[in-house]
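Protein chains: 2
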Amino acid sequence: MKTLSFRLDSGLPADVRESLRKNLYWTDRAVRGVEVSDEDPATVTITCPEGTDEERLTAHVLADVATMTAELGQFPSRTVYESPGEPAAGRPAPLPPDRVLGELTARGWVSEELAGSFVYTGLMADLYYGLEHTFAETARQLGAREIHLPALLGTGTLLRSGYLADNAHAGNYVFHLHEDRELRSRFAAALPPDATEVDLGGLDTSADRPEAVLSPAACQPVFPALAGRRLTGPVRLTGYTRCYRYESGATHGLGRAREFGVREIVCAGSEAEVAAFRDELLAVCRTLLERFGLRGKVVTASDPFFIDTSARYRAFQLSFELKHEVQLDLGQGPPVAAASVNRHGDHFAQAWDIGLAGGGTAHSCCMGFGIDRWCLGVFSQFGCEVEQWPLSLRKVVAG
Amino acid sequence: MKTLSFRLDSGLPADVRESLRKNLYWTDRAVRGVEVSDEDPATVTITCPEGTDEERLTAHVLADVATMTAELGQFPSRTVYESPGEPAAGRPAPLPPDRVLGELTARGWVSEELAGSFVYTGLMADLYYGLEHTFAETARQLGAREIHLPALLGTGTLLRSGYLADNAHAGNYVFHLHEDRELRSRFAAALPPDATEVDLGGLDTSADRPEAVLSPAACQPVFPALAGRRLTGPVRLTGYTRCYRYESGATHGLGRAREFGVREIVCAGSEAEVAAFRDELLAVCRTLLERFGLRGKVVTASDPFFIDTSARYRAFQLSFELKHEVQLDLGQGPPVAAASVNRHGDHFAQAWDIGLAGGGTAHSCCMGFGIDRWCLGVFSQFGCEVEQWPLSLRKVVAG
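Residue numbers (this note's numbering), protein chains in the order written: chain A, 371 to 769; chain B, 371 to 769.
A hint or two may mislead.
Where chains are identical, the list cannot tell them apart; a pair therefore holds if satisfied intra-copy or between any two copies.
What the hints assert, rightly or not - Think about it this way: if two alpha-carbon atoms lie no more than 16 Å apart in a straight line, the pair counts; the simulated EDC-like pairs of lysine to aspartate or glutamate are:
1. K392 <-> D550
2. K372 <-> E755
3. K765 <-> E507
4. K392 <-> D673
5. K392 <-> E502
These are computed hints drawn from the structure, not numbers from a lab.
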């Protein structure tokens, strides 16, 4: 392995550094590691195999950096609320995320099934489901009705919503073997008894035109289910589902998993109804941080799109404050985004022909709780001994 | 389209007919429809496109029929318990599954996202989560601790357990695009604005060696999480997860979906501990049928394996009564298998080196509740008006 380093312009906001850390893996398969230093100006260091064409890789990385950093200085992220957390007296500094994962693994509470996919038991499972229950209860108090969301979505659904055009690289595509008696035998015959992977090369499959993609965001299947409706009042729905994003080399621990659990709240209605509901969702963010005594912030944010239109889209989101995130403090290093509140305007309602009974197109907004990341924040800030947690969190795990 | 018909031997058990209905789609891509009549002897009718090579298809279908029906008569399925259901007075005959789906769709409670993947709202969502809650409570009463199970499993996990060698055709394989700046642009450029499917042909992806398969059975990821342990007593775990099977043309309605929800209970321990727990699980089957007043049976059953070893494996399962199913009556037509109880012997413990502290290999068993199918059974037997349901079920949806 060798490394390539580049000095960036000064004044790069923290969220842009984080976006570079995550997205530069997508520049080229030769990128095996990405580091972005915290000094100003920052240095990007790329790890790649010895034989890599340096000139070509450098050109590609610089082009992607330029796209991702364009127009960024103009619209910085804004903090709208800050929670100091439980009184600091006697409270240790938050455990870094890798230490949390190490502790939970050593106790047998977390085991990795696959890079980015985990089994939880013990206190980790109790906290995960306790928080999910709390978020579901919060949603019901906001008047949301339960909706059951699948994870297997039609490719057409994600094309129609515009998701795949911008995020094809993050897709977890699903395919199957084609039906054929001889193919079945050939597959079984070719499988060594101690195989650890399958070789489907040369078999007839649906991979070229995969019929399904795993849900990348919990609200995606909600709108097709409302297609063609004319709403007589605001529709408020809430569901739990697993979401899936392929994050390449950025896949890491509980903070950036390939499979993660989401409790989602969605509202569709008139522009005014949706705006009022969005304000209720922002109030929920503040209330939950306070209730659990977690140190964190609510900030305006942008989605980490990074293909050609991304910088412009980010500026658009930030300038109109379309997206907010709950960020939990993890001590040194960046915080983790544990929930987001998003205004969609009439984007989804246009795509799925969802209108208002009185005329006009509906608007929508949503909130997603990333449950695994809330668990990470709790273990980082309060440690692994449940007796040392705030009472509000001890109640959550006690059911 | 044209049809080919074959008369089968007489005396074919009902579960074998059902297995043929489901599995003959796997013989050849030309098979577009499979019907197996209920008379004795039964007739199989295959629908296929006009241009199909009849001789070749006939040979393939007959070969698969022979494999699936070999040795079958010897070990018929045995009914171990039968629940008459609520008193029949004034109770209408069960609604057929297609009528149930039509009714639920008309009320807006079920909408199809993709063939075999559904969104639920209204009474359907309330029943689904109410039953899941009931089954989870039942598991806790049996002493099971919560485990959180992912759906994205490593291909290696399903090879090591032996699942893929027998069931590669049912796999939902997951892949991603390889990291490449130019590939991203090429994909986006090739996407027509009104695309309804993606064409990934010619792009560099991981499809030939897919790294993940969607969980086909909820217990699969439990055993790797216990790998290497030496148990000092029985381990009882319970988790909720979504499972995925590609069922080709047999995919149909709520009874045979591609994605479905499972509440799972797993026990690992000594042979005697596992045998005792399995008996508790069988008692649970009876109790739940009675509690909800559902008409159904508990029967010995076999997995619908159908490649070369399948008939022998089925005979093995039936003769040793390794598998039981809860079958709910759906009126005319076959019942739906809504739960299964399975003895694994030391199969999984051998594969994952799970031992007993006192020496020897552990044994295991599991029970899975197919929640969507319980919902189908309830709507079929009691209709769509919650006021007409038995009190025990009204309590389930009331939370």
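Consistency of the hints with the structure:
no.	hint	verdict
1	K392 <-> D550	between (41 Å within a copy, 15 Å between copies)
2	K372 <-> E755	neither (42 Å within a copy, 68 Å between copies)
3	K765 <-> E507	within (14 Å within a copy, 19 Å between copies)
4	K392 <-> D673	within (12 Å within a copy, 44 Å between copies)
5	K392 <-> E502	neither (27 Å within a copy, 37 Å between copies)
The earlier numbered hints that this structure contradicts are 2, 5.
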